[in-house]
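Protein chains in written order, with my numbering: chain A, 25 to 246; chain B, 20 to 848.
Careful: at least some of the hints might be erroneous.
Now the stretches of chain B that chain A is said to cover, found in silico as 3 or more residues with beta-carbon under 8 Å [claimed, not checked]: (1) 395 to 403; (2) 738 to 752.
Examples of chain B residues lying across from chain A (beta carbon under 8 Å, computed) [to be verified]: (3) L21; (4) G32; (5) Q34; (6) G313; (7) K623.
Since the hints were derived computationally from the structure, they do not count as laboratory data.
Because the structure is a prediction, the values reported are computed rather than measured.
Glycine is no exception: its CB is placed at the ideal position from the N, C-alpha and C atoms.
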Amino acid sequence: MTNAIVTNNLNEIVTTAENELKILDDINFSLTQGESLAIVGPSGAGKSTLLGLLAGLDVPSSGEIYLSGKEITQLDEEQRAAVRAELVGFVFQTFQLLPSLTALENVALPLELRGDKTAEKQAREYLERVGLGERLKHYPRTLSGGEQQRVAIARAFACKPKILFADEPTGNLDSVTGKKVSDLLFEINQESDATLVLVTHEQRLAERCQNIIRLDAGKIKV
Amino acid sequence: MLSWKLLKRDWKGGQLSLIAFSLVLAVAVVTSIAMVADRVEKALNRETSSFLAADLVINSSKAFDASYLQHAKAKNLQTANILQFSSMLFNGDESNLASVKAVESSYPLRGQLTVSDVAFTADESDWEKTTETPKPGEVWIGERLIPLLNIKLGDEVEIGQAKLKATKIVVAEPDGATGFSAFGARVLMNMADIETSQVIQPGSRVRYKLLLAGEEADVNNFSQWVKDQNSPHERIITPRDSQENLQSTLDRGRQFLLLAGSVGVMLAAIALALASNRYAQRHINQVALLKSWGQSAKQVRRLYVLQCALLAFIATLIGLAIGWVIHEFLMRSVSELLPQGIPKAGYKPLLTAFVTGMSCLLGFALPALWHLPTVSPLRVLRRDVEVSFSSYSTRFLIGFAIIFLLVVWYSESLSLAIYFLGGLLLVSLVTGLFGYLLLALGKRVAHWAGSSWKLALANLWRRRSQTLLQMVAFSSTILLLLVMLTVRTSLLDDWSAKMPADAPNHFVVNVAPYEVEPVNSLLKQENFEPQSWYSLVRARLTQINGVDLTEEQQRNSESVRREVNLSTSTELPIDNKVLQGKWWDELSGTPEQQGVSVEEEVAKDLGLKLGDSISFSVGGQVLQTSVSSIRSLKWENMQPNFYFLFPKGVLKNYPNMSITSVYIPRQKKTVVNDVLKLYPTIAVIDLDEIINTIKKIIDKVSLGLELILLLVLVCGSVVMFAAISSSFDERQQESAILRTLGSSRNTILSVLGIEFFLLGLLSGLIAAIGAEAVIYLLQTYMFQIPHDFHPSIWLLGPLGGAFLIGVLGLWRSREIVTVPPLQSLRALN
Ligand SMILES: Nc1ncnc2c1ncn2[C@@H]1O[C@H](COP(=O)(O)OP(=O)(O)OP(=O)(O)O)[C@@H](O)[C@H]1O
Ligand SMILES: [Mg+2]
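Kindly produce the complete structure, drawing on both the sequences and the hints.
Structural data, given as structure tokens:
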């Protein structure tokens with residue numbers, strides 16, 4: 025079985041006005057396709073930075089990242105965009121729904137961008153799957169936080185990504201709602217056999233993953 | 020199509036309305052103005068065509084070659100041939116020399132004849148307008164001939180060998196008595212009777228005229244063709260030539276329209292830029308999201324550009340439709356005044372509208388959106404990721420360049436565009452500086468003010484770059500509106516000042532020297548006030564500085580092609596201004612005192628300078644003189660105006676006639692007939708109809724200007740709205756936080772109100788200062804009318820600004836206090 029993610033001596037250094045900051049220090053790990061990984065650690069440890077690099081949203085200062093066997097750090101932005109389109113899906117702490125679109129339109133949009141003719145039909149199915157079949161025409165501002173995150177999950181899975189990245193998907197939710205949303209996340213993940221990488225502060229959520237990486241000050245702590 | 024779908028969704032979400040509205044407005048303003056200007060100009064040309072009885076007249080001393088008619092036919096032009104000659108007319112024992120006009124039945128091609136069965140009637144119900152002409156065997160008699168030949172309708176009149184029955188009295192011909200040369204005894208006969216009359220013999224002096232009418236392009240085409248024939252006997256006359264005085268007023272009106280149009284477009288464009296900027300800001304997250312899903316920058320750009328193009332296309336169409344409706348409404352209101360009908364608008368206004376819409380998009384919307392696709396996808400994870408939009412100065416330069424090109428294109432004048440935009444640039448710079456000072460001052464003063472005032476001023480100061488931007492937008496808008504409002508009224512004042520109610524409406528001409536005294540006292544006896552009398556000598560200009568006139572000089576100047584009127588005056592006539600040299604009173608004792616004062620346009624056409632010697636031929640005698648001054652005059656003032664003026668006495672040895680102008684009220688017109696019966700050789704030219712038409716046109720044009728001003732006002736309000744919207748998000752967030760911290764709605768409302776009120780007040784104050792300056796420049800340099808101070812501006816500017824911005828601002832911000840703070844915080848997340 026191929027590895028979904030492999031990193032090789034990953035470093036991220038930013039230079040600020042005063043000094044150089046090493047945000048990620050020699051990150052090495054690999055993750056098999058279909059497995060799940062939780063990245064945990066204190067605030068400012070570099071969790072979001074690592075997630076962004078893994079998802080190809082940014083390039084590291086040094087090191088290599090392989091997504092489904094393909095090295096992505098040497099690619100230019102256009103090529104990385106193509107990789108993202110092929111492999112990657114996202115769920116965010118702040119949901120990131122477009123306020124001017126209805127729930128249905130929000131879910132359908134990435135499919136439409138790919139030119140999928142059945143975008144709306146699939147979007148409807150996924151919204152029903154996350155239990156929002158009755159709220160298709162609702163705008164994000166009229167939905168509760170948990171509902172908004174369910175729309176975001178439907179949107180992420182509708183594109184059938186091989187790897188799903190989630191940055192604190194329950195961070196903005198109360199613990200009961202958070203539990204429901206994370207149940208959903210794992211459920212659909214298992215159905216679709218996607219690799220799941222999530223950043224979280226919550227011990228309980230992290231423990232549901234097959235792998236855990238602890239980051240502290242940019243280093244992996246075992 | 021995906022772009023279309025996205026466009027529809029954005030529209031539903033309300034993010035596009037301001038952008039679309041600005042675009043629609045810009046296009047509507049230009050469309051309506053371009054169409055109105057185009058059609059009114061064409062209509063007025065046609066109207067003045069009726070003074071010529073045609074769109075084009077070719078005047079020749081020889082019969083026209085058959086190719087002329089063939090060519091005219093090929094161009095689909097209507098034609099009418101006219102012969103004009105002098106001949107003795109006999110009615111029984113009475114005889115008199117008359118100017119005869121033989122016409123084809125197609126005459127007149129434009130306008131109508133006014134005929135009557137009663138001579139010298141002032142009662143218009145006796146008049147009949149017609150496009151008929153005398154049938155073969157008939158003759159229509161000019162009013163002046165009735166007493167001279169003692170004719171009654173039905174009499175047989177002899178012209179050469181032809182005996183023709185007098186069937187109508189001609190009161191006015193469309194191509195008749197509007198100039199000094201066209202008076203005297205006239206008759207109208209049918210061309211078919213020329214043969215039997217045998218009046219035209221080899222060597223007889225005959226004027227041949229070919230009248231033409233048709234589509235503008237065909238007429239121009241034909242005119243060019245005639246020019247290419249290069250025949251020395253021919254002269255081309257267009258309606259423009261025949262109505263120079265009306266033209267200058269119309270040109271000014273067109274300039275005003277143009278200015279108003281440019282202002283409207285510019286305001287709409289600014290609103291567009293502001294709205295697009297806000298749109299771009301709100302779309303940053305969306306773009307980041309699209310890119311995290313794997314859309315490349317190129318794809319995102321294509322998506323947005325396509326959306327923009329679609330939007331521009333639709334907005335242009337809607338703008339065109341609205342502009343068309345407005346123009347149609349305006350045209351309806353003037354149509355009754357233009358009895359010749361209003362020609363259709365050409366395609367140029369459509370092109371103008373389309374180019375305007377697209378340019379606005381290119382110059383104002385796209386620059387704001389251009390760098391949107393470069394937003395880093397990383398922004399989905401990190402809020403602090405910077406977005407590198409094109410700088411405001413780049414955007415400003417692009418927008419400025421586009422507006423500049425547009426104004427040059429509209430006005431076809433580089434200098435006008437430079438003045439207009441240079442002025443505006445200066446105004447915004449000064450505004451920015453001044454606004455900064457006022458704000459700084461306000462912050463200091465705020466120490467003593469109440470807490471709401473303190474807070475409001477602190478807010479304005481904290482957001483000072485945004486505040487200044489808004490101030491520049493507000494004050495230039497208010498400034499432009501103030502200028503439009505004032506210039507419009509001063510334009511109208513200017514027009515009506517030129518046309519006072521008791522402006523002379525009759526010219527009394529052809530008065531022999533010995534008749535001047537008795538005619539003058541006869542008029543005074545009836546309580547009319549004749550203006551100054553001018554003695555008038557008809558002469559032909561022959562030499563300049565001892566050299567015969569060149570062909571080019573003859574071509575250039577209408578005045579030397581035919582005879583000109585020389586006159587004398589001791590005083591500088593009303594509305595005349597000496598531009599070079601001196602008037603007689605400052606020249607006494609010098610040789611120049613025996614010189615001539617020349618009108619500036621003629622001097623320019625002929626290349627005359629001070630001191631040049633010129634020779635006239637006056638009835639065979641030579642009159643030599645030199646140019647001692649150059650003078651401007653106002654053709655619109657309905658006074659006798661002369662190209663060449665001499666000091667009193669210089670012309671007394673030449674045959675001369677006198678002329679004056681006088682105001683005769685409508686109900687006393689019959690007095691004219693008494694004068695004419697007593698002095699049958701005198702002619703009286705009635706200007707009432709011309710004056711009335713001009714007055715009505717000016718009235719209606721001013722109505723049109725008001726409507727256009729209203730449109731510009733709407734543009735201005737949209738700019739203000741857009742500017743207020745641009746700080747909306749920030750204000751909303753602040754207010755929400757303040758409210759969660761326990762501020763009452765009233766506190767927030769009053770702080771907001773004071774902020775907008777102050778913004779409006781300061782902007783209005785700056786606008787008033789600027790407006791006064793701009794008006795001064797406009798009045799002095801463009802319209803050339805004396806400058807006056809405008810107290811109303813100083814009141815209207817600050818108060819109007821404070822009110823308008825206050826109301827608009829509070830209305831736009833009403834959500835800030837009505838929506839619960841939690842909800843607005845969540846919406847902003
Ligand atoms: N471009 C950058 N410039 C400067 N500092 C940066 C940059 N990117 C990240 N950092 C810093 O690196 C550190 C790690 O940031 P990151 O967002 O990855 O933390 P995190 O572990 O996700 O924390 P949290 O749990 O609070 O979300 C932080 O201190 C952040 O300020
Ligand atoms: Mg983070």
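>> Output the indices of the hints that this structure fails to meet, ascending.
In response: Failing hints, ascending: 2 and 7.
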